[in-house]
Amino acid sequence: MARKKVAAICVFLASAIAATFFISTHHVYAASTPTIKNIDHVPYTPATGEVVTVYATVYGDDINSVKLWSEQCSTICFLPEETPMVNIGGNEYKASVKLRDESINMTYWIEVESGGIKYKSDNITLYVGEVANNRPYCRIFKPKNGVVLSNTVTVNGVAGDPDGNNTLEKVEIKIDNGQWIKVSGTTSWSYQLDTTQFPNGQHTLYARAYDGEKYSGVEDDTYNRITFTVQNEEQPSENQAPTVSITYPIDGATVSGIVNITGTASDPDGSVTAVFVKIGDGNWVAANGTTAWYYIWDTLNFDNGKHVISAYAIDNRRKSSAVESVTINVNNPVNKQPQIDITYPRNGDTISGIVNITGTASDPNGDNTIDRVEIKLGNGNWQLATGTVNWYYIWDTSSIDYEEDFSISARVYDVNGSSSLKVIYVTVNNQGGNSRPTVAITSPEDGTIVTEKTIKIEGTASDPDGSISIVKIRIGGGEWKTASGTTSWSYNLDVSNLIKGPITIKVVAYDDKNLASQEATITLNIQYQPGKGNGTPGFEIIFMITAILVIILLRGRKNEY
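If you use the numbering used here, the sequence shown corresponds to residues 13 to 573, in order.
Mixed in with the good hints, there may be bad ones.
[Said to hold, decoys possible] As a list, the in silico SDA-like pairs of lysine to any residue whose alpha-carbon atoms are at most 20 angstroms apart:
(1) Lys-154 x Ser-202
(2) Lys-194 x Val-230
(3) Lys-388 x Gly-360
(4) Lys-154 x Lys-130
(5) Lys-484 x Ile-515
(6) Lys-156 x Gln-204
(7) Lys-156 x Lys-130
(8) Lys-156 x Phe-210
[To be verified] Pairwise CB distance ranges, derived in the manner of DEER restraints:
(9) Val-98 x Gly-197: 18 to 26 angstroms
(10) Asp-74 x Gly-301: 58 to 66 angstroms
(11) Asn-272 x Glu-531: 28 to 36 angstroms
(12) Leu-510 x Asp-383: 32 to 40 angstroms
(13) Ser-496 x Glu-531: 13 to 21 angstroms
(14) Arg-486 x Thr-166: 54 to 62 angstroms
(15) Tyr-404 x Asn-272: 38 to 46 angstroms
(16) Ser-162 x Lys-434: 36 to 44 angstroms
(17) Phe-314 x Lys-512: 52 to 60 angstroms
(18) Val-562 x Asn-537: 31 to 39 angstroms
Hints were generated in silico from the structure; no laboratory data involved.
Every residue, glycine too, gets a C-beta built ideally from N, C-alpha and C.
All chains should be built: construct the whole structure from the sequences, respecting the hints.
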């Protein structure tokens, strides 16, 4: 009777164990539990002989081991049936197996041992062979899901292309229903997130990768999005929001080429610290200025049609205005954009006196299609430059007495109205109160015909509040040469190497503070011919006749004796 009771107890215990565990040919597993997630492998569809890396995310305490299992491994890969997975940070694990050349599709699963109990994931099938491009994957490593954030934090993660037939072009993130923002890096990426731009409370961060054909999943993935709570110090409730307006272009306007978007902003109880602008669904970018602001928009980078320009302002207590928007129509001709460059001065240079701003312009449609080049100094008006492919503009900075920073803007237009813009920043540093010297050419006169090999150019120079340090002269498009003298100066010009015809002579005087005068200019007409008489017309004939008469006279006197 006692033996029967013992047997009955054994049967009961066996039934209880069978209800809790199921039997595998290798191990006894606990009933499935949701601790193993995001199982994935790379490449998604490997070729025979390739190395396959399997990833998994494991949540839980007291994790003793994580292993990759496949009953087929002995026939299709070079590893045993159980392969330990390596922790690569946080809850992420990976293991790699190499397929045999005769590999077929493989079924695998993940085994986790925690607290002496083994847990098994669902089976995953790995398909071997070539298939169409699969979308990439993207993972967020930091910050973790559910954290509380404030101020500026670093968001980072990894991304990859499962089948390796496309390189990753970019990784983007977005907050809630905002715009996608491109981050730094691809396979390993990061972004500095300023949480002060978002209201306190819960938000969702999404990340996605793009391989040139497909984006990684967003809604159907769990490891490429997290929720977080923003908790920044609230500003006093009495702070009033700033306001912003777009003054140009107006709603409904039609624009093309380079558009200078302008507007104003104000704050009733503080100051405006920044204005942001975006075009359509693009990213928010900082405008130039605050209470009076502008943003240069090149419409040639956008499709023709309707576009929305939006702007908002932030005050000194981090409160944002309502978004102001206008809808405009872009209508650009099908035309390639011309290009422009400023060759002198360069960005960051310090300049003074008279500055010859030079540059080049080109047009992919042909240089003969360039219409004009314009220059703007600081906030001044646009002025027409001289030339097109090679252009210049003379800027007299002498009226600027003290050191000051200026922008130099140059823009080129082609005959179809397409344009582009180049902007540099320079420092003007003239000594305050210095008056500019003057220079004059006294000889020869403007328009003089030059028949001799050399001609002497003379003039005077003076300075009302200093002295003349040097006088320079320029012949045509040649280099500046130093003249002899200062207040009374001269220069001997050898015209034998000059081309016949008109040539421009320019002279500039510099005072003891290196401030240049305005240019003095004359034009000479070069008619010198080497080897021919270049003196007074008929002089040679008169000389010959005189010589003959002298000879005749001398012979006549001799005959008298």
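Numbered hints the structure breaks, given as an ascending list: 4, 7, 15
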